[in-house]
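Knowing the structure of chain A, use the given hints to seat chains B and C on it.
Protein chains in written order, with the numbering used here: chain A, 11 to 472; chain B, 10 to 610; chain C, 7 to 374.
Just to be clear, a hint being listed does not mean it is correct.
[Stated by the list, open to error] Some chain B residues close to chain A (C-beta under 7 Å, calculated; not the full set): (1) S70; (2) R256; (3) L301; (4) L402; (5) N449; (6) I451; (7) D478.
[Said to hold, decoys possible] List time: in silico BS3-like cross-link candidates among lysine-lysine, alpha-carbon distance up to 25 Å: (8) K385(B) <-> K396(B); (9) K267(A) <-> K386(A); (10) K227(A) <-> K253(B); (11) K227(A) <-> K152(B); (12) K88(C) <-> K377(B); (13) K253(B) <-> K236(A); (14) K235(A) <-> K253(B); (15) K473(B) <-> K227(A); (16) K210(C) <-> K410(B); (17) K253(B) <-> K49(B); (18) K284(B) <-> K236(A); (19) K366(C) <-> K410(B); (20) K381(B) <-> K88(C); (21) K437(B) <-> K422(B); (22) K226(B) <-> K227(A); (23) K466(B) <-> K59(C); (24) K459(A) <-> K366(C); (25) K227(A) <-> K485(B); (26) K466(B) <-> K88(C); (27) K264(C) <-> K210(C); (28) K16(A) <-> K210(C); (29) K267(A) <-> K210(C); (30) K395(B) <-> K552(B); (31) K411(B) <-> K466(B).
[Said to hold, decoys possible] According to the in silico footprint, chain A covers these stretches of chain C (three or more CB under 8 Å from chain A): (32) 309 to 318; (33) 342 to 355.
These are calculated hints, taken from the structure and not from any lab test. Ideal placement from N, C-alpha and C gives every residue a C-beta, glycine not left out.
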Amino acid sequence: MRIIGKIIFVIASFFIVVGFSFLLLRHQSDRPLQAVTANSNFSQHALSVYDSNYVSLYHQYGLDLPPFYFSISNLALPDSFKYLPASNEKDFLIYWCSKTGNAKALYNIYQSLCTFHNESWMIPPSQILNLQRCSNQIISSRNIDTLNFYYAKYYLLLPRESKAFAFLNGVKKINLDAAWKQWIPAFHFNPNNQFALWLSDGLSNGNGIYARSWISKNTVGSALKKPMLITFIITVITMLIIVIFSVVFSAELFLKKEKRGVRTILSALHFLYSIPSFFIGALLVFIFANPYQLQILPANFSFAPLVENDSISLITLLDSWTYFVLPIITLSFGAIVFFTSMLFRSFEEEFSKNYVLSAKMMGQSNRTIVYKFVLKNAVYSSSTFLFLLFPALLSGAVVVEQMFSIAGIGNLLITAARSQDIPVLITLFGLIGFVTALSFILLDYFQQKIAGRLLSTKEVKE
Amino acid sequence: MIVFVVACNSQKTKIIEADNAYSLAYSLPNASKWDPSWSKLNEVNVQILADPDNLHPTNGSSQIRDEVLQYLHGALINTDLYHGNMRPGICEAMPVFSNNNQWLTFKIRKGITWDDGNQVTAKDIAFTVKASKCNLTNNVSNKFFFENVKDVVIDASNNLQFTIVFKSASEYNLPMWCDYPILQETKYDFNNAWKQISFTQLNDSGFIQETNQSLIKWAIAFNGDEMGADAQMITGLGAYQLQKWERGQYISIVKKQHHWSTLVNDSLYKSYPEKITFRIAQDPAVQKASFLSQLFDATGALPTRLLFELQQDKVFNKNYHSRFIDTYGYTYIAMNMHPDGVRQNMLLNDINVRRALAYSSQIDNLIKVVNKGINKRVAGPVAPLKKECNQDLKLIPFDLKKANELLDKSGWKDSDNDGVRDRIINNKKVPLILELIYFNTIPDWKDMAVIIAEGMKQAAVMIKPVACDYPTWMEKVSSHNYDLAMGSWNTSSFPEDYSQLWSTASYIGNGSNYTGFGNLASDSLINAIAKETNATQKIQLEKKMQQLIYDEQPYIFLYGLVRRCVVHKRFDHATFFAERPGILYSSLQLSPLYKKSSVNN
Amino acid sequence: MKWGYKIILFFVIVAMLAPLISNDRPLVLISNGEINFPFLNHGSYAFGDDDLKVMPLIPYRAGVSDFDNADFKSPFDVQQVKNNSMFYRHWLGTTLRGCDVLAGIISGARYALIVGFCSSFVSLIIGLLLGAGSAFSSVSVNRISFLQLIALVFLLMFGFNLFLYVQSDLLIKLLLFVLSVGCWILVSRIKLKFDRGVRLNFEKIESQLTILFSSIPRLFFVVAVMGIFHQGILTLIFLLGLTGWMEIARVVRAEIQKIQSMDYYAAAKLSGASWTRITSKQLIPNLKPLLIAVFAFSFAGAILSEASLSFLGFGLEANQVTWGSLILEGKESFNAWWLIVFPGFCLSSCLAALFSIARKGNNDIYSL
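The following block holds chain A by itself, in its conformation from the complex (with noise of 0.2 Å):
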């Protein structure tokens, strides 16, 4: 029951993570009107003389709608940018303009444009259109979520029996016959929102804004495929790399640890677990992968047959193996040095318990103790930090695969990030949360085990 309950957790934390970045990201509306304009399949020409286009190409990708549609009063927003008075947009800016907190800065861009106009400008003859050309500029270059909000204060004025008050029918019946129960407070959710469709675009691979990217105008899942893959054979094959090297040096430094060289090592452990990862790749990319130096690897993981060929195979993925050399050498550098030294210690630990002291008696080698006996302790002892190990490789990979142009996850983010893809950021940072959640669960689930083995073995050796 109480793996249920923490799937459902994990659930609501990826649905929280997501539409907590989601809100943030959402909150630079410049974007999504360009992406809006470039991602759709009218002219730009049609959408500059005709503005009406404008308000349909935002209704038909849900842009007018709020970002969350939830209330907690009896009255709803209303999805008004359809109901935009297109006819008049010089009334209908000044209204705006008085409504608006920073009425005076809108006022004063208006001004300046028609003194500026007047001036010293040869007046084209469509000067008139230009103008409403100009406020339109400035009215879709603010904030969306506030011009809604002022919308729907600007339909509360009109006759109830007007338009816009379809749409709150459509919603939910309320009867807004007295004006007083507007007030009153309720809770209503309408699923009509931009998160919802938001989350329905990315799951179906439809057509709407959300769900294709914004600059290579893909659906998400597939930009997301081969990245995804390439991140994920590079992070297992680090784990197991951090596994099996930190298990070999700990116990063999354990085993030689009376030597004075094995003791300068351990002591420089924490030194070396101090250097941060992109310093040690940029150290080995100047001296492995150098021209000038000794140019025995690649630096360059654009080249690896696994990035050319369609399908992944072992095939390409063996022939691509000096590819991996570099950047798997830094990622795991650090996490070797922690696994090492933290084995090492459970070694000691291990190593003054009874179990030992008996197989000692009976007449086992120490390589054998070590081996046979204390590493299955030891290991299940510090396995914890191997279900966090993953999610913290995914980080560690946003930095080396930037610096071997490796075309993962990591260099999606960064492009993404720099290009203001939003849809992707999103959708790489809900899937990143999740899986972070995932081993946070898993690793819980497993520490119970984990507790009673342990629990068991004790009682079994007293």
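Okay, now just chains B and C, sitting in the frame of chain A:
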């Protein structure tokens, strides 16, 4: 023009002189010895900087798109890279003007076929014109030219001959056909929407295209994303077809098996490599390593500094031909001449401030540091390579004394001694702080912005460099919501078009006039230049226009662009061109020496 | 003093005295019998040939170009410096624009410490509040009656509606708000016999919140948000602080609960000591070493994140030099090892010092 000398093995580089004494093409010597490390594949790996916006035949604006599309599509006329003018493409000869330069008659060459084996006819041309003219088509950059086309009259007896009727005579009537892709009617007219619509209907203002349902259906399909990305959809008359486009990685195009050019006996139409791959490499370190280990065969996109460094390398010179060629483009810092007083303070509307900023820009140092001193400074919007360039315009030197003088004169003084000048505007103390936006694509822009900011800091003007991606830069600049913007402008050897950058109409319509330069006088001058037919008169007018721009200082002109061409020596008959795209990758022939080397092995 | 503190103290002193150590303006200028200190402001200053001036130890400012020594001069290269004197030499080489690397490292130390300290301070405050709150709420029983709860929910909703939808002056809104709060107080006075109320389990809420925030991938989050919003030091500090408090809250809660189960704590409580006395005499002294440890650990995490972000190009503004941005420039040009080695060494030693402080503070949690 003296061009940078490249180390060559034995033969000297043959320079083809153009009529304006500026070298347009450099044919390079063939390799005399085959190096065992060279690849024997008949494929060209081209390095590019970024993805194109799309590969749509008509809609799109990026340079890389044009570069790729020229191998996929055919055009009526092509650019003659050797002589800096035009040559016939799929038509038999250059077209002839008649009826007061308003009629243009073409004749299509026989034997030019689409992939399905059908002959290209005048119907396809008519369809192409209709599709480009349609208001619903998303081709912003070309719509202006096609609005002037009135009709396409197909010869009754010969369906390969046709006459294009223009509304008025214009200097763009011929160049507009240059490298413009021809679309196959049967392929692109999806729902036969254009069968019923004639040119008279298109020209009729009473016919509202935006409400025609079949046209809307067609436009939504034609403007769709698949049309600019799907390998199945992107086919044309070119010798190559798109094989795969992996976003952020590469675009590969392969040679068609059966193509009309194999039957036509003309060396101009021949193409040799089996496959051309355009690969993205942005990181300078990656570019350098890749070229030193011969992963790329050709490029025009290396940073100037990097190519200069590579040319000092013996290994690189052994494997590659490379050369810097001066071009007509330039980089600049645009200044917002009409700040609105709300989003930006009223700072740059003063000519003295603009001139002072120009005096406090360390452009020489910038060129020395960022571009190794290879690029040359420009004084105005027209490259010094052109005849019409006004040579009287003096380069503005880095002169802090003069900058301080000008700023003091217009009332900007550092009253509180905090290192930033200020002035009282509307009873409020306004410091002279400006934001400089630049592209975040390559690191060079950042260094340039910081160097410019440092120079202006010495004149007690505070500059805040802010990095933007291209769409944001474009959005800010075209909505006039910026102070200073660093960018670059490309032009060709064709006649200079002043209306795009300097006319007021272009400012109001959110065109390329970012600064707000212009008044009644300048607009009428631009019109006069466009209408003038006398060559010497025209040059006089153009020089006057340049003087006008120079005096107003809407831009700080930085330096002229330089083409950086690199080709691997395993290819014979390589030629570098001054015009875009610099290298024709399809004309590269794998050196026959490789066969000998394989015999020896 | 332990070596970890020594290194951090060294970096702190360097960072605080950065304008005195590396500056392109003279510290003291004596001209015409007047003594000026030009490094204090940014305004113009003038001096003649026979004026006396005292330059800082490093006569360069971070990020300022030196065009004579541009294009990656290594520490051993021939450099064209003023008067050919050793004083004006770039001891650790230069960048592409000829910026002094040593001055850059000093500026990097400044930014690393500012970002690290401020963001971990933000995390510390959030973590302390939540951790201590949940620890205390698990001990004392917090009950709220149903009536009170319903009234509270209604009050919140009504207040929300009030501010969103009522178009009137702020004064009237405030008046209405005060009125409704008064109503709530009145309502909560009413006590019903059958209303046993609900227990507010703050501990559970806090633990779930901790897990929720832990599942936000820090680097992904900061890169995404920095890409969308304006890049700058304040945004960075806020974002790093917001994503770094979970460990602190967890550790603080566990530690306070441990202290609460101790005998001396119970004794103090039984003897009737006041809350302030218990806090000052029992809690804070016992928490102090642990707090130092968690603070050092989150400090290190923030410095590492800042460096990674600068390395990715999402850090501070273009003209602010940090360790990460120096390493990035070194990586982009193949030969400039001095741009990778020196800042990398400073970063590693700073992190090592902080980790050692954390380890000294609490060997159980932060041992390797």
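Cross-check of the supplied hints:
no., hint, result
1, S70, "violated (11 Å)"
2, R256, "holds (4 Å)"
3, L301, "holds (4 Å)"
4, L402, "violated (24 Å)"
5, N449, "holds (6 Å)"
6, I451, "violated (12 Å)"
7, D478, "holds (5 Å)"
8, K385(B) <-> K396(B), "holds (17 Å)"
9, K267(A) <-> K386(A), "holds (20 Å)"
10, K227(A) <-> K253(B), "holds (16 Å)"
11, K227(A) <-> K152(B), "holds (23 Å)"
12, K88(C) <-> K377(B), "holds (20 Å)"
13, K253(B) <-> K236(A), "holds (15 Å)"
14, K235(A) <-> K253(B), "holds (16 Å)"
15, K473(B) <-> K227(A), "violated (33 Å)"
16, K210(C) <-> K410(B), "violated (69 Å)"
17, K253(B) <-> K49(B), "holds (22 Å)"
18, K284(B) <-> K236(A), "holds (24 Å)"
19, K366(C) <-> K410(B), "violated (59 Å)"
20, K381(B) <-> K88(C), "holds (23 Å)"
21, K437(B) <-> K422(B), "holds (14 Å)"
22, K226(B) <-> K227(A), "holds (20 Å)"
23, K466(B) <-> K59(C), "holds (23 Å)"
24, K459(A) <-> K366(C), "violated (32 Å)"
25, K227(A) <-> K485(B), "holds (22 Å)"
26, K466(B) <-> K88(C), "holds (22 Å)"
27, K264(C) <-> K210(C), "holds (18 Å)"
28, K16(A) <-> K210(C), "holds (14 Å)"
29, K267(A) <-> K210(C), "violated (45 Å)"
30, K395(B) <-> K552(B), "holds (11 Å)"
31, K411(B) <-> K466(B), "holds (14 Å)"
32, 309 to 318, "holds (count 5)"
33, 342 to 355, "holds (count 7)"
Checked against the numbered hints above, the structure breaks hints 1, 4, 6, 15, 16, 19, 24, 29 and satisfies the rest.
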